[in-house]
Amino acid sequence: MNGTKRQINAWTFVAPSLILTLIFGVYPVFWALKYMFYDYQGFGTPLFIGLDNFERLFRDKDFWQSVVNTFIYAGGKLIITIPLSFVLAVVLNRALKGRQLLRAIYFLPTVISASVMAIVFYVIFNSYNGMVNQLLMGAGIVSAPIDWLGAKHALVTAIIIAIWGAVGNYMLLFIAGLQNIPEDLYEAASLDGAGPLRKMWSITVPMLGPVLQMIIMLAITVSLKGYESIMVLTEGGPYGKTEVMYLYLYKLFFPVSSGGSSIQQFGYGSAVGFATAVIVGIITLIYFYVSKKLNDIY
Amino acid sequence: MASAQTSRSLKNKALLSRILLWIFLLIVAAFALFPIILAFFGSLKSNLELTTGTTLLPKEWIFDNYAQAWTSANFARFTWNSVFISTFTTLGTLLIGTMAAYAVARVDFYGKRLYVVIQSCTLFISIGAVVLRPQFDLMVSLNLQKSLWGVIIILISGHATAFFMLIGFVRAIPKELDEAAFIDGCNFYSVYFRVILPLLTPALGVTALWTFRGAWNEYILPLVFTMTQPGLQTLTVGLAGLKYGVGDAAQPQLMLAGACLSMLPMIIVYIFANKSFMQMTAGSVKG
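Chains as they are written, first to last, in the working numbering: chain P, 1 to 298; chain D, 1001 to 1287.
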């Protein structure tokens, strides 16, 4: 087989993939890296303004509010999702009647669109005539309707929805990790007289270490990036109480009629996008650092 | 006597913990199913009962909600658009993904490492909504911003996950088969069509499922591209649009019927292919 011909053949097969990736995946990143130094509204001549966009960013209270909200949102979601999906995985990895059916049920939410589910939750959590309130009041659990999507509870409601959509996914990743632990480790431990808790602490957790680390990291980055369901549910409202970083960013590029800014700001948006990516990156690095330290303790 | 008593109390304890475990599992199952069930029963209620009723089951089953959603809320159109986008995105992703995976798995070409690095970077670097804007502007310059093809091309261009899944499957096909085919007179292209693709069939099915789900559920991209083109909206976009709809604003029963219409195909596929769905998640790194 001719070497040059083989090179050409391979390149013709890779070319469509590479061209699409470069145009729609790589170019946009450089686009943003350029315009974050410009004052650019999407029309007219972009004006080079150096670091002014970043100066504005530091004074932008709405942005920092969205950063705080993002942390609350991601943190609230993870604190419930990770332990819950871990426990479910441990239970459903054992010989248990009906475990296949339960796994299927828990995983079901993850096949449904986040935006569609947000609409369903919007209807059932609706404050004055929502089904959840109707059922709660019908059963006499609460006397007055709870304002699920109001300023006080909206973020919590968004977190509940996020948990609903995520548990099945992480459960499955944990099960995959658990199945890689050799069975004879447990048998040997049983011979040594170890109880279930002891086995959990001395075998499962350390053996699962790398997988656990990967799953938590995945969960952190995915949670920090999620905004689709919040966008449909509340659009960041009321009063910016559910505004998260990526939703704030979205609105700078595609202004929405109700709430938020009404002018597109590509230059400033690019700067916000860069800052957001840096924040996610820093969190990931901190996590890497801390989890490495945890490894040393083991 | 004493030992019989302890063994009985141990048995009771085991039974109790089993019961508690099952209560826990059933509560979580109820949590997972609750919104779906509420949506389904709610979609069959009248507007009045939906907003004032206190029972789960509808008093009167109004199947007309579905007919209304299908015709007057334009769900027939939305469904067609969703099917169109998802089908072509899946076909395109599989074609481009298998071609690249085949070349990378079988040939040591110049620049291979760089190509793989670029692909993996696109998996991890994401600046969210920022990329939407240049992507949209690119489509404007190609004059595709007002058609579904703009959405399809951008979705296909995000094929890195499919590529990494497929490359694993291609590597699992023994190289000896290629070599035997070469001896029988095949060339680079006919090996792809006659050896690789047929042997990849199960992998293609699973990857297709994964890609189809992503395209079917995609919300933001079609939203951006159909802002001025209501006729091109997909199910996800059209459904969310009911929230702001002029005539439909106060018709939650239609919203739920529409939600069920858009969930149904995914749930049906899931019931038949739930093993493949789960394998894919468990085998992938993406959340």
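Hints are not guaranteed to be accurate.
[To be verified] The list that follows gives simulated cross-link-like pairs (lysine to aspartate or glutamate, EDC-like), each with its CA atoms no further than 16 Å apart:
1) P:199 <-> P:184
2) P:5 <-> D:1060
3) P:241 <-> P:147
4) P:241 <-> P:62
5) P:199 <-> P:187
6) D:1243 <-> P:187
These are calculated hints, taken from the structure and not from any lab test.
Comparing the hints with the structure gives:
no.: 1; hint: P:199 <-> P:184; in the structure: 12 Å, holds
no.: 2; hint: P:5 <-> D:1060; in the structure: 71 Å, violated
no.: 3; hint: P:241 <-> P:147; in the structure: 14 Å, holds
no.: 4; hint: P:241 <-> P:62; in the structure: 10 Å, holds
no.: 5; hint: P:199 <-> P:187; in the structure: 10 Å, holds
no.: 6; hint: D:1243 <-> P:187; in the structure: 57 Å, violated
In this structure, the earlier hints numbered 2 and 6 are contradicted, and the remaining ones agree with it.
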